Every structure is written in C-alpha cells, then in structure tokens.
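Keeping their order, the protein sequence lines are chains E and R.
Take the first sequence: its position 33, counted from the start at 1, is 40 in this note's numbering, and no numbers get skipped.
Take the second sequence: its position 60, counted from the start at 1, is 125 in this note's numbering, and no numbers get skipped.
It should be emphasised that the hints constitute simulated quantities derived from the structure, not laboratory data.
Any given hint might turn out to be false.
Said to hold, decoys possible - Partner residues aside, some chain R positions facing chain E, computed with beta carbon under 7 Å:
| no. | residue |
| --- | --- |
| 1 | Cys-109 |
| 2 | Gly-112 |
| 3 | Phe-136 |
| 4 | Asp-137 |
| 5 | Gly-175 |
| 6 | Phe-176 |
| 7 | Asp-177 |
The model shown is predicted, which means the values in this text are computed figures rather than measured ones.
Yeah, the Cβ is synthetic: ideal placement off N, Cα and C, and Gly gets one too.
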Amino acid sequence: MKCPRCSNRDPDYFYKGSKGYYCRKCISFKRILIKEDIEPTAYDIDSDGNYKLAFELTPFQKEIADKLIAAVRDHDVLLYAVTGAGKGDMVIPLISDLLKRKKRVCYAISRREVVIELAERYQRAFEGSKVIKVCEGYTDEIYADLIVCTTHQLYRYLKLFDLIILDEVDAFPFRGDEVLNNIALNALNENGRIVYSTATIDEEIEKLMYQRPLKILRLDRRPHGRPLPRPKVIIGIDVFLFGILIGIIRKESKQVIIFVESIRMCKRLYHILKPFFSITYVYSSLQERNTNIKDFKAGIYQFVIATSVLERGITIEGVDVIIYKRYENIFNKAAIIQMAGRAGRSFKDPDGRVYILARENDEAIKGALKEIDDANKVYLL
Amino acid sequence: MRTRCIYCDKRFDYRNDLIDMYFSDDDLCTGCRNELVIERDKRCLGGMEVRSFYRYDGLIKDLLLQYKECFDEALKDVFFYAIKDEIRIRYHGYTLIPCPSSARKREKRGFDHLIKMCECLKMPVLDCLYMEKDMSQVNKDSVERRKMIGNIRVREGTILPLKILLVDDVITTGSTLSGAYKALKRKQVKAMTLCFVNKDDHKGRFKL
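Model the full structure from these sequences, guided by the hints.
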C-alpha cells in the first residue's frame, strides 16, 4: 500500500476505517483513502507571461536566471544563493517563460507573512496575469495563473504543476519533514520539475539531492555588490547584555530588528522598553502582527522586537539587526545566517550592522560566522 | 502491541513500565493523556442534568477537530477511555441516545462520530433521533443555533427505553440537547458531554 498524497509505505500508519484503508501519517491534511482516485483539476492558464520589473537585474542575476531556464528543462535545480541575493527576483524570468508556454507554476514557501508579501510583489511584476495567495485565511480561491502558497497548502493540488519553486527549504517546518516533502513531490505532474532555493546547505538538504537528480546553481553576491555584513559577537552575562542592548539602541539612528528566542521574552522586553523608545513587537500568535509589521515598514516605529517570524524572506530596507541569544539550542546556524541577512539589503544603504548578544560563543555562532566569511571570500576572488 | 502514540506519533517508552506494556490499552501516550485535563462539571438545562468531563482547551480541541473534520476514525476510543468505568457505573441501566448530526456530513465521513465514540463504553446505544431539516452548526451564532430546538424528531416506530442518556461531544449553546429533550417527551432523561464551551454563569445554568 502507498499513500497517494505523502507516499508513505509504513504499514503502522494505515488504519482501516468505515470507508476503507486510509493513511494516518498525513491525516492533518484531511483523510485520504488509499483507493481514492484523484483526478487533477485541470485549469487553464490565461496569461501572456509578460513581466515588468521596477529595476534591472544585475548581470550576475541575469546569468543565473538564464541558466535556470535552461536547467529546468531536464533537471531539478537547487538554487543556492546568499541571503539578499534576490532569489525572489531571479526566478521571475523562469516563471514568465513557463507561463508563456501555458504551464502551471506554483511558488511555495514556509511562512505565511512571506506569502502575502511575495504575492503582492509578483502581482506588480506580472500585470497581465492573475496572481493569488493561498495560505491560512486566504483559501476561497485556489486556482490562478500563478499561485503563491505556503508549503502546507500544496496538499490541495495533487499531480497538477509543471513547476514548483520551493523557497527556504532550510526553514522550519519544511526542513527535514518527510510528509511535506512528499506532498510537494506529489503535487508535480509526470514531467514536473522542482526548484529548491536556499541560503544554507546542511545534511537535511543533502538528502534532497539523493531523491531526484539535482543541478546546483550558486550565487555568492548581493545585487549591490557589497559583501554580507559580518556579525559582531558580544559575550557576557544577562545583565551586561541587557546594558549593551540599551547602549546600542540609544545610539541607533536607523531602524532596528531585535530578534529574541521566545514569545515570553518578546513580551517582557517590549513592556520594559516601551516607555522609552518608539517600539513595537511581533510574534506568531499575536493578532495584530500584520499591522505591526506594516507600521514598522512604514517607519512609524524605530524598533521592532520579533521572534523568528521575521527571520526569513522579509525585506525591510536599511535595517540593523540585533540577535539576543540566551540559550544554546533555539537559534541554530541557519537561523543566525538568515537573521543576519536581514541587514543591508537595499541599494541605498548596503552596509548594515549586525550584533549578536550571547551568553557563550557556541557552535551555532561559530558556524554561522564561518559560512558568512566563506561567502564573502568567494566574492572577493 | 501498540507502538506509537496515536496523536503525537511518539514511540512508547516501555523501559520502566512493564504494567503499562502488558495491561494498558490506551492509544495515547502518557504525555498526551496528562494534557487532557479531567474537570467534571454539572449543569442544569431545562430540568435535565448535564454532566461534562473535560476542560475545553488545548488538546481536546485538537483531537475533536482531527476526529470530526479530518475524519480520523482511529481516534474513536481516545475520548471516553479515561472515564469509561465512571460512566458505566454512574449510568448503569441507561440506554445511550446520541444527538443527531448533519446527514450530509455523516455521509461524507462514512461513520457517525458519536456512535463510534460510544462503542468503547459497551453500553446499549439507540440511534433514533434525526434532523428534519439538515443543518450544520459550524460558524453559526446563537440565534441560528436556536433554530435547532424545533428541528429534531424521533424516528417513527421507536420504542423508547425508560432510562435515557443523551450523548453529545461539545455543548455550546445547548440547542441541540434541548431540542432532543423536547423531542423525546420524557422526564427521566439525563445527558452527558465531553465538554462545555462557554464558562459557567455563576448559577450553573445556560442562558436559554
């Protein structure tokens, strides 16, 4: 027996219900019977595929974009580029190429906030096409020319797409999740191709390479040509770190994102700093998180305290980053690289500053620094 | 033998509990079972005594969602497992009558969720109530829900037993339950539910 959705073959996970056997491994996506015949809902592409960008792609980005179009015809691709290299923009020519050939394309990413932002960005780029976002709260309409969705929502589309672009595969919850990975593979049709895109490679992503033949494309520089900002690490006890934090934000003139590890810490720090600074906060279960992010982007607040919700995929121009790391196992290497990558993304202000305030200089920090240095070295060559 | 927790998918750890290994047949692991807080509550609904057993938060919400909306039939024994003996003793001699659910949904699921849930109690079950007009109560406000009161009928030709115990999974406004009570036209009816959604309004009564 094999589950048609998550490709599970483990007999422990099959249960015989009133309607026949079903798979319990992917039960959170609603029951699917083993014998159930799923016919893909065919929908037509009604788009010319023309796109318009507000800025030109740099020669390096253009080169990668051309290589992508060529590579996708016969391989799956792993796009390995540093944070802020413009992965979201580099795939636009590829999407356009497929839309012109009337193929179905989907862009999937783990975070809901990023889905909302990207869908708006792509709608601006593809004016003649219909771009929809499919995520929690936006599930009334699920078919359009270009679909931007969270990785969880891919279960709605079985054997449908000619191309899926899976962004941030190194992020929770996609990283290391067998079910989500198989759901993504089953959303492809027979000749479908998949493009993984990531900023950090680790053993979980190496596993992906053994599934299907992959071609790796690498880009080690940001569009403005400046190296990645190297984090400044400050080690100390809690009281000292808090003093340093206050010291840094008092001197700051730019906008700052302060990353903390827990929701509790986020709330606590917000209530301490609120009377003295123009500050807001964001965490995943906060109801007004979208308005808070919007207000911060608009410049109403100078500081934002965030948990890892703002860690990935979000572009805020000209910010500095402070990572307040107290425990060993919450922020791993990939998370630190991503958070540091929020700084210095815009053309106007390519040099951002990143501080890591930590209790000790552990493996995650060392690994992240090494990776950033490596990327910068390649760029210097 | 059970190998994994039916909900959190963790492997059972039998290293220091042989009794658990040989005699327990709970599908949930100890961690999940401890999260289901048993909180007994008794309220009065139009002259009928209604008992509930769980606090409505966290895990029980997720379990019910997975059971009812994701159609996960394997969870059927989880709900009454810890309170099985208590119910069998307290309601000895009673016949269980499950509250009716929407026929459309039942057909989609392929099973009646309340009847499946009651199976593990090993008490007589009589499925004799139905809705005259098919109604789903999801995302409805209290005014709409109250229409349910006149909507429930007893199947013709049913011989009702003397002691009746109405069963429902979650009670929000109590409309379904009072509708069923009205339809049965009996005085000796008791009811039980897994949990109440709204908080007690000091008098131990629903506002109806």
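Let me make sure I understand: some of the numbered hints might not hold for this structure. Which ones are they, in numerical order?
1, 2 and 7
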